[in-house]
Amino acid sequence: MSAPAETPPAAPKKGTSLWQDAWRRLKKNHMAMFGLVVVVFMSALAVLAPWLAPFDATYGETWLGAQPPRFDHPDVLNRNFLAVGHPPTHIRPGYEDARTITFEVDETQETEYRVRVQRRRVTEIRRVEGAIKIDRVDATSPGDVLVEVREDGSRGGPVTGAVIETKAPLPEAFGERPASFVMIVRHAQRAKGPVLYTAHLENGVVLDLTRDGVGIDRMEVEGRSVRKVDVDGTERRHTHWLGTDLSGRDLLSRILYGGRISLLVGVIATIVSLVIGVVYGAISGYAGGKVDDLLMAIVDILFAIPYMFLVILLLVNFGRDITILFVALGAVQWLTMARIVRGQILSLKEKEFVEAARMSGTGPAGILFRHLVPNTLGVVVVYTTLTVPAVILQESFLAFIGLAVEYDGQSLDSWGALVKSGMDALGSDGERSWLLVAPSIAMALTLFSLNFLGDGLRDALDPQQRGRT
Amino acid sequence: MGRYLFRRLLQVPIVLLILVTISFFLMRAAPGGPFDMDKQVDADIKRRMEEKYHLDKHPVVQYGMFLRDLAPIHVFDREGNVSIRPGFDLGPSFKNKSLSVNEVIWLKAPVSALLGIAALLISLVLGLGAGVVAGVRQNSVFDYGSMAVAMVGLAVPTFVVGPLLALVFGLWWKLLPVAGYAADGGFFGGLMAPQYLILPAFALALPFAARIARLTRAGMLEVINQDYIRTAWAKGLREHVIVVRHALRGAMLPVVSFLGPAVAQILTGSLVVEQIFAIPGIGREFVTSAMNRDYTMVMGTVILFGVLLVAFNLIVDVVYGLLDPRIRYT
Chain A
1 MSAPAETPPA APKKGTSLWQ DAWRRLKKNH MAMFGLVVVV FMSALAVLAP WLAPFDATYG
61 ETWLGAQPPR FDHPDVLNRN FLAVGHPPTH IRPGYEDART ITFEVDETQE TEYRVRVQRR
121 RVTEIRRVEG AIKIDRVDAT SPGDVLVEVR EDGSRGGPVT GAVIETKAPL PEAFGERPAS
181 FVMIVRHAQR AKGPVLYTAH LENGVVLDLT RDGVGIDRME VEGRSVRKVD VDGTERRHTH
241 WLGTDLSGRD LLSRILYGGR ISLLVGVIAT IVSLVIGVVY GAISGYAGGK VDDLLMAIVD
301 ILFAIPYMFL VILLLVNFGR DITILFVALG AVQWLTMARI VRGQILSLKE KEFVEAARMS
361 GTGPAGILFR HLVPNTLGVV VVYTTLTVPA VILQESFLAF IGLAVEYDGQ SLDSWGALVK
421 SGMDALGSDG ERSWLLVAPS IAMALTLFSL NFLGDGLRDA LDPQQRGRT
Chain B
1001 MGRYLFRRLL QVPIVLLILV TISFFLMRAA PGGPFDMDKQ VDADIKRRME EKYHLDKHPV
1061 VQYGMFLRDL APIHVFDREG NVSIRPGFDL GPSFKNKSLS VNEVIWLKAP VSALLGIAAL
1121 LISLVLGLGA GVVAGVRQNS VFDYGSMAVA MVGLAVPTFV VGPLLALVFG LWWKLLPVAG
1181 YAADGGFFGG LMAPQYLILP AFALALPFAA RIARLTRAGM LEVINQDYIR TAWAKGLREH
1241 VIVVRHALRG AMLPVVSFLG PAVAQILTGS LVVEQIFAIP GIGREFVTSA MNRDYTMVMG
1301 TVILFGVLLV AFNLIVDVVY GLLDPRIRYT
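For the record, the sequence lines run as chains A and B. Under my numbering, the residue at position 237 of the first sequence is numbered 237, and the numbers go up by one with no gaps. Positions in the second sequence are counted from 1; adding 1000 to them yields my numbering.
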C-alpha cells in the first residue's frame, strides 16, 4: 500500500501479498467462486440490459396479455390499419419501409343471441339483429366460443364446445342460474380458413390492398387474430422466453431492467454507507478516549432505532425518488461499517508504521487517511460485499410493500416490484405462476451469490474469523 | 451487571425519544395532511377538523401535546386541576374515527403477537433440531442436506418465500387458505383457526430457522470436542443427555444473542408477511396508516414497535449474561 521511501530493491524471493494470498484461498472455495461468477454475470446483464433486452420493458402489446414462457406470436400491433393511398401509420414500426406485407388472419364472425330460459329449459332463441327465431346455436366446431354479455357490460367466462337448443336445458358450463331468466350470448365463429391480406407499399404509401385476392380500400386487423405476418417474404415472429405479464410486457426484459435498478440501488447505497461509515469509524478510532466513547455511544443508540420504519415514513412523505432512497438506505447501513473500521483503526494505530509516518512529519489527517484507512481495506471489502445484498433486500422489501422507487415521477420496477406484481397476478389457481417464479429466482440467485461471495471473501481475507456466522 | 443494566436502561428512553421525534416530524414536515385527500372537503369543515385534532397549531406545539398525552400518568387535567388518570394516550385515529389509537392497537397487536410467537416457535424447533442433529452427525447426509436448505432459507427473502408458499400450498394444491384470518379475529380466534397462520408463520420463520440451524451447528461443533463433554462421555452418560443437557447449553449462546435481532426482524418481517397474507395485524396497520397519513396511528405503531425492539434487545443481553457465567458486564 504505502511503502516507505527507502524500500530496498526488489527482494530475490518473491513474497505473496495479502491480496494474492486471499485470491488463492478464495479460488479454493467453490461456493464463493460460484457466487463470484453469478455476481459478475448478473452485473454484466444489468449493465448491458439496454442492449440485451429483446423488448421494451415498459411497453407491451396489450392484446398479448399474460402469456406463458416461450410464447411466440407474430410481430404485430394491437390494431393494424392500412388504407390505400395513405402512409402506413398504424403498423408495427419498422414495417413502413417494406414493399410487401401479408397478414394471415383468422377472422371471426360474431353473432348475438337472446336466450330465454323458463323452468330450467331454453324456450326461445332469437338473433338480436333482426330478431329472427332459430332453434339451436352450435358452438362445437373448433375455435367457436360462446360468451355471455351481461347488462353491465361485463362478460361471462368463455364456453366452448357447447350447444344451446330450444326445449333442452342450458349447458352446465354457464354455471348455476335461476330457473327462469333471459341472457344475451355472443357466438364467435372462426372463418373456415385463414384470410390472406396483402399490401404493396411504395415510397411510404400503400399502393394497393387485397383480401384473398380481391382488391379493397382499407384493412383493419386485430393483433390477436393475426396468425402470421410476412414482410418482404420473411416471417416476423417474436418469442418471449420468459413469457409476458398482464399488459403484454416481455418478462425477460423486465427482469433485466429490474436487475439494473436493484443492483444500482444496492451499489450506490452501499457506497454512501461506505463513505459515512469509514470516515466516522476512522475518526472515532483514531481520536480514541472521550471522543471515541461519545461517537460510539451515538452509534449504539442509533443502532437500537428500527430504521425501516423511518425509511418507510420518509418515502411515504417525501416521494420515492431514487436519490432519496440511496441516501435513506445508505444512512441505515453505515453503523456496522463504522464499528468495524473503528475496531481496526484502534489496533492499527499502535503499529510501528504509524509511528514512522508521524516521525516523518505526516499530519493526523494524512496518517489517518493515507496510512490507516487503506490498511482496513480488507475488512471494508468484505463488509461491502455483504452490504450490497442487504440493501438490495431492503429496496425490494420497500418495493414489495408498495414503495417502488421512482425517477422523474416514473416508477422503476426493481426485482422486488416484479415479485410483487407477479404475486398479484397469479390468478385464482396460480395459473400465471411464471410471473412470480422468474423474478423470484433472479433475485434469490443474486442475493444468494452475493452472500456466498461475501462469506468467501471474509474467510479468504481474514482466516481467523472463519466459522463465525 | 448492575451498572451495565443501568446504562442500558438509561439508553432506552433516549432511543425511544429519538424514534418518536424523528417519526413525528417526518410525518408533519411533508406537505399535505390527513384531511386533504380523495374528495374535496369544504374549507370550513377542514379547518374545524384540523382544529379538533390540533393540526392548526405549530408542529412543535403539537409535539409537546403529543408527548404530554403520552406520559404514563396524568396528574393535572387541561385546566390545571388535579385529576389523576391513566396516560399512554395516543389520541384518536384520524381515519378510523370511531376508535382511538390505543383501541386499534389492542385490537390488532394480539394478531401480530400470535403470528410472531408462532414463527419464533417454528424457527426455534426447526433450527435447533436441525442444527443439533447436523452438528452431532457432522458430514452426514443430513448435515449437508439441512445446511443446504438453510443456505437457501437465508438467502431467499420472506417476500419471495411467502408468495411462493401461497402459490404452491394455497393455489396449486389448495391445502391452506392463501390469505385472510379467523373471522372473529384476535389472539384466541386465530389460535382456533390455525390454518390461516400456517403459511405466514412458516414464511416468517424460514430465514430464522436457517440462521438458528447454522448457529447451533457451529456452536455444537465448537463445544462437542471440549473437555467437559469428554468427561460427560467418560462418566457413561447417554448421548441424548450429553447433547441436550451439556452440549446444547454451551452451543445455545450464539443462538440466544441472535434472538434479539431475530425478534426485531420478525417484527419488521411481519410488515410484509401481513401484507402478503392479508392478516389484520399491526404491521399492516402501520403500512396503511403511513400511506393514509394517519399521524396518530403511525405514531402509535412506531412507538409499539420501538418499545418491543428495545425491550427484546435488553432482555436478550440480560439472558446472555445469565446463560454464560464467563461474561461480566462492566
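Careful: at least some of the hints might be erroneous.
[As the list claims (entries may be wrong)] Think about it this way: if two alpha-carbon atoms lie no more than 20 Å apart in a straight line, the pair counts; the simulated DMTMM-like pairs of lysine to aspartate or glutamate are:
1. Lys1174/B / Asp424/A
2. Lys1174/B / Asp293/A
3. Lys1174/B / Asp429/A
4. Lys1095/B / Asp1044/B
[Said to hold, decoys possible] Some residues of chain A that are not near chain B, with every Cβ distance over 12 Å (derived):
5. Phe181
6. Arg190
7. Phe309
8. Ala357
Hints in this document: simulated from the structure, not taken from any laboratory. Beta carbons are placed, not taken as given, at the ideal position from N, Cα and C, and that holds for glycine.
Hint check results:
1. Lys1174/B / Asp424/A: holds (17 Å)
2. Lys1174/B / Asp293/A: Violated, because 57 Å separates the two Cα atoms, which is more than 20 Å.
3. Lys1174/B / Asp429/A: This hinted pair holds, its Cα atoms lying about 8 Å apart.
4. Lys1095/B / Asp1044/B: Judged against 20 Å, a Cα distance of about 19 Å means the pair holds.
5. Phe181: holds (31 Å)
6. Arg190: Arg190/A is indeed farther than 12 Å from all Cβ atoms of chain B, at 32 Å.
7. Phe309: violated (5 Å)
8. Ala357: holds (34 Å)
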